[in-house]
Amino acid sequence: MSRILIPQELNGKVDAPSSKSMSQRVLLLSAFLPGHKRIGPISGCDDEIIALGICSSNGMKIIKDGKYYNIYGSFTNPELINVGESGTALRMVLGLLASRRCSCAIETEGKLLERPLKPLIISLESIGCRFSMNGRTLIFDGTNAKYVSEISINGELSSQFTSSILLYMALNPIDEKIVHIEGEINSEGYLNMTADILRKLGLTIKRTGSDFIINGTLNEMNTSFEIEGDYSSASFLIAAGLLLSGKGIEINNLKKESMQPDANILNLLNGLLQYGENSIIAMKKDITSMLEVDVNINPDLAPVIALLGMFSQKGASIKNSDRLSGKESDRKMAIIQIAEAFGSDVTEEDETLYIGPCRDDISPALPISLDHRIVMETILAQSMVSEKFIVHNPESLNKSYPSFIDDLISLGFKEELE
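The opening position of the sequence shown corresponds to residue 5 in the working numbering, with each subsequent residue numbered one higher.
Treat the hints as calculated values from the structure; they're not laboratory data.
Below 27 Å or equal to it, Euclidean Cα-Cα: the simulated DSSO-like pairs (lysine-lysine) are:
#1 Lys289 - Lys318
#2 Lys71 - Lys403
#3 Lys318 - Lys288
#4 Lys251 - Lys318
Could you put the whole structure together from the sequences, leaning on the hints where they help?
Structure below.
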């Protein structure tokens, strides 16, 4: 499947899609806790659909009301859970299964089980959980899982490992618990998001150095939880405004004071944006200084910062870029290939990738990708130099932002129907 886009001047208003980082955490918690929950707005990306499927697998009833979901019922031990290709779902659900002393088969797709998981397995094995593999299925046995007051987890590879342990401790019936984080904490903002969500649900959580101290236990979940607009996906709309909109794009449902780590895009683009009430306004601007992003803090912003750097006067630097090679694809290599295709000079020093301004006299053939964020980067890069171009694998956008192309069309792009 492919789509043919004809770039035009972009103007107007658009709603940011729901934050899947936030919605996944809330939906997965609701899958393991009895009660009546109303959660939304939810845009329906693949990862959110996976989380809703886990709710059903755990015995919950689901009623859709527009972009909101009413989820209610009592938890039942699932025999089978499908996490698709969602690394977040797989990692988070392991801690929750341990908290309920479940045993079940976890079906995965693609190369998900080839991605890092060992630090989380080591931590959960220390409390009595057992793991085995059968092809693409992970067999989890938590029947002998112990409830402990202290547990350690290595935080260097992924904050999702530590978030999973926080979720285990949140449902652990011991009143006061401590999570010790070993090593440097990676993507700390996502860990703080998990803690903030648990606080909103009633737990007391304090941070002391590398330790999280948790008081209380989640036994039920009766709540209405509002999901913020997603800064990770909206960053591409912001880039579209800065590159392609003379009058401006207003992106709604974005809280300036957000718990999302990728709200840091506002700091990275300081002085280039305007603000409404719960909205961001982006229009064409000359970007005269080098843009910078640290992948250890905001890995999902690397493609959009690379894109904007290519079309700026000074380029972009991407710190700790090696970590991008372990994402859904080798995102580091994809970013380099796009930049070089546009004539940018690309150099690397001490794990920092430097991308120079691109040439304005070429219209390159770009590599085809299945990575949702690379596809969005490619669409906007092609829009700067092409009168018409083909979007290959648009279905890959379902991973995070299913309506990205339709939103660009609503803002002014045209589509040539095959």
